[in-house]
Amino acid sequence: MKLFPNLILSGTLLAVALGAPIQPAQADPARDAIIAQFKAQAGVSSFSAARGKKFFHAKHAGGKPETPSCTTCHTNDPRNFGKTRVGKVIDPMAVSRNPQRFTDPKKVAKWFRRNCKTVLGRECTAQEKGDILTYLSSI
Amino acid sequence: MDDAEMQLTFPMPTNRTTIANKPMPSTDRNMTTRPVWDLFIRSFHWLLVTAITIGAVTGFILGPTWLRMHLIAGTIAVVLVVARIIWGFSGGSFARFAGFVAGPRETLRHLAELRRASAPRHVGHNPAGGWMILFLLGMILLLAITGTTVLGGVFKTGPLGFAVSYDLGSAVNKVHKLLAWGLLGLIALHIAGAIYESLRTRENLPLTMITGRKQARPGDHLPPSRAAHPRSAALIMLAGGALGTAIGLALAQKPVPHLPITPLDPTYAQECGDCHIPFHPSLMSAQRWRMLMASLDSHFGEDASLDEETRKKLEDWMVAHAAETVDTKPAHVFAQANPENPISLTATPFWKTTHKAIPDKVFKSKPVFARTNCAACHKDAETGMFYPSNIEIPAEAQK
Numbered sequence: 001m002k003l004f005p006n007l008i009l010s011g012t013l014l015a016v017a018l019g020a021p022i023q024p025a026q027a028d029p030a031r032d033a034i035i036a037q038f039k040a041q042a043g044v045s046s047f048s049a050a051r052g053k054k055f056f057h058a059k060h061a062g063g064k065p066e067t068p069s070c071t072t073c074h075t076n077d078p079r080n081f082g083k084t085r086v087g088k089v090i091d092p093m094a095v096s097r098n099p100q101r102f103t104d105p106k107k108v109a110k111w112f113r114r115n116c117k118t119v120l121g122r123e124c125t126a127q128e129k130g131d132i133l134t135y136l137s138s139i
Numbered sequence: 001m002d003d004a005e006m007q008l009t010f011p012m013p014t015n016r017t018t019i020a021n022k023p024m025p026s027t028d029r030n031m032t033t034r035p036v037w038d039l040f041i042r043s044f045h046w047l048l049v050t051a052i053t054i055g056a057v058t059g060f061i062l063g064p065t066w067l068r069m070h071l072i073a074g075t076i077a078v079v080l081v082v083a084r085i086i087w088g089f090s091g092g093s094f095a096r097f098a099g100f101v102a103g104p105r106e107t108l109r110h111l112a113e114l115r116r117a118s119a120p121r122h123v124g125h126n127p128a129g130g131w132m133i134l135f136l137l138g139m140i141l142l143l144a145i146t147g148t149t150v151l152g153g154v155f156k157t158g159p160l161g162f163a164v165s166y167d168l169g170s171a172v173n174k175v176h177k178l179l180a181w182g183l184l185g186l187i188a189l190h191i192a193g194a195i196y197e198s199l200r201t202r203e204n205l206p207l208t209m210i211t212g213r214k215q216a217r218p219g220d221h222l223p224p225s226r227a228a229h230p231r232s233a234a235l236i237m238l239a240g241g242a243l244g245t246a247i248g249l250a251l252a253q254k255p256v257p258h259l260p261i262t263p264l265d266p267t268y269a270q271e272c273g274d275c276h277i278p279f280h281p282s283l284m285s286a287q288r289w290r291m292l293m294a295s296l297d298s299h300f301g302e303d304a305s306l307d308e309e310t311r312k313k314l315e316d317w318m319v320a321h322a323a324e325t326v327d328t329k330p331a332h333v334f335a336q337a338n339p340e341n342p343i344s345l346t347a348t349p350f351w352k353t354t355h356k357a358i359p360d361k362v363f364k365s366k367p368v369f370a371r372t373n374c375a376a377c378h379k380d381a382e383t384g385m386f387y388p389s390n391i392e393i394p395a396e397a398q399k
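These protein sequence lines map, in sequence, to chains A and B. Position one of the first sequence corresponds to residue 1 (this note's numbering), numbered consecutively onward. Position one of the second sequence corresponds to residue 1 (this note's numbering), numbered consecutively onward.
These are calculated hints, taken from the structure and not from any lab test. Predicted model, so just to flag it, every value in this text is computed and none were measured. Any given hint might turn out to be false.
Output of the computed footprint for chain A on chain B, the stretches with three or more beta carbons under 8 Å from beta carbons of chain A [what the hints assert, rightly or not]:
{"no.": "1", "segment": "272 to 286"}
{"no.": "2", "segment": "349 to 359"}
{"no.": "3", "segment": "363 to 377"}
Ranges between beta-carbon positions, derived for each pair [claimed, not checked]:
{"no.": "4", "chain 1": "A", "residue 1": "K54", "chain 2": "B", "residue 2": "S298", "range": "23 to 31 Å"}
{"no.": "5", "chain 1": "A", "residue 1": "A33", "chain 2": "B", "residue 2": "G273", "range": "22 to 30 Å"}
{"no.": "6", "chain 1": "A", "residue 1": "N80", "chain 2": "B", "residue 2": "D380", "range": "27 to 35 Å"}
Here a beta-carbon is modelled for each residue, glycine too, at the ideal position from N, C-alpha and C.
Next up, chain B with everything else stripped away, as it sits in the complex:
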């Protein structure tokens, strides 16, 4: 970052401001400008736009199979926001929170002046825009906190995997979605505000977030002059980043309770895996496994009977590791059985809802062959985890 640029932000030499007294079409080539948005602010702004766009597209539109990309986008957004907060205490005049966060009285006065069309032109954030910045930063932090909670509780991974139950993670998921809509609303207001202020002050504000410079006009409302401390800021950001990464990784290493048993019992894997993928015992309750093992001579249209010794041994193992013993998403969502066919997974309401969009030809294709062949697309089916990022529909099946 350029030190000189940031220390020059204010004040401008007075002998050059006279031009601003002229009536000014915004295209005036001789218009004096001053640096407002430093390189950090501009990079931060557009990188955050990119990260939030990816987060919103993967979260709202592309869905769970894009979870990994969603997490990357979210992580980048948090890193950016934290760095921005540090810069808010160490940057130059226009970057500092102290320069643009107005008290309630000043904010109300600004809004009233806007209504009377007598509001002054703020070169940095105006009081309403300043609050918007705080709301946006806060909202993104809340999204990160709730997102990490969902990741831990529902997907049993990440820094909070060891601490959050499925039920809590699942409830927080609803909050995360509401906050995401809230962020979209704030972004809409932010853009509307930028357009409004661009029209009101006859200056292309989105463009100034690229060039970093704004016109210098008489009567401009400027924040108190402050020097930027880019070196100390970078140091704090690096130290904070290293500390945050270390804490996150250390937490993510903590053992996660109530995970599905691994590996599968060899007899189970062989006896059940002869005809179909060996379904993980955590996918159904003990009661439903007992029902299934009591009717092996008529098992989904085939005789799958076993000698009693093997049958009992397998049933005991399945019951010992059934859905009740784990806290995974599959164990919870498949708990709601279809009363007409309680021992089927593909008949459950959750299975039907989540596979509705997949065309029939995919299931009939060679590499998949049947709806029960979970492992054709869920690469981790045998672990009982069914992590969304491990879904990969074979290319051959989509032709």
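In isolation and in its complexed conformation, chain A is listed as follows:
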């Protein structure tokens, strides 16, 4: 191989490597659609990341005693890896660390249903879900 094409190839790779982290992790039409649906269900025009943060870190009553909070499994920092009660690693919840988060509506519905029942003993409201997603998308 000649020197010239090699230079072009290296330059392209360098550009890709440098460019990759600049791309905004947050923007995703599928996630936007999920949040938009929660807005419609809750009848509000915006969600609050601060309220979502408070809810995420709060100790709740009404659920199983072993799991009083989202942080029981997801840890106090959603950018960290979490752990299920039997030790399986959970990928970070923060979208900045895990761009795949909240892009599959079925998965979002399944885990809100399961975990709200386990932690709060009831389903979460559209308002609560929207706040949490907004919080986890913001960090």
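Starting from the structure of chain A, add chain B where the hints point.
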């Protein structure tokens, strides 16, 4: 092997035996000796001692996690015994079965003479010792046959994996253990016999199994002289070894029926594997899987509910590959459920018994974290096989 040494075993030059007429302290430096145990016999004896010791320690004390070492020791023991049997028909005077296997009448007479303290000194095996050799060799062969049957039936591997059911393998395991105790008993008698004969004839017999030489005394009872054929013996051993290995490998390649399904259904692996290791469907019966899948909204203290379509799809797959469809050890031992918690594996009597010795801190350690995390130590947990050699408790968990 040294040809010359073996052909010289007998007879000794008569002009040198006169020294043996003197009263003889066994330390006499001028004592004439003759070669008795050839290099093959001595190597065979001590290698077999090593192999049987490893087999006994791994089998009786260290337990199933040492299965691989146990199998290696057993295989070596069988190879040695088979080679010894070949040498028993091709070796020199003292190696030949024909030289030391006595008929019942001669054996009884020898025992009676021992009781009357008038028994002659046998330079090779005496009639009682000769029978002991046959019993030891036979016992080791029986252990190998039963061991291979257990390996095939219980662990679904080895030359008999294709042919033996778990139930048969499990029953033969009891026989294998009895035979192992029997072998220990024979070894105890063998050692006792060697000590007795050492004292009776005032010669250190265990030492002669190292030097190969025994004192030459007048009146010694010698076996008929025979030439050794080390080259033909080696040829037969090599040919037999090659044939045995080929047959064993060919049999081990045969497909084993009723093995657990592999790989796991991708949806199953993902949906169940999100929270815990995906337990292999062959670990529980269809009935217990149905019970479990009917109560997902309250699944060991958590809501693990699924949409009905996925739930039904997974249940059908689990039932289709449940314990009834395989013949593995885990499928059989976990079949006995704990009536108080039938859908739990860690609550079963077998799980509790086999994990009793493991300290609590191991289960609470970081790499293990929970009793249900089988794969932390059982490297093949997801295959449903749980082969004992694949157990490895993480070093970090033992601190």
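Discussion item. For a quick check of understanding: which of the numbered hints are violated here, in increasing order?
Written reply: Violated: hint 2 alone.
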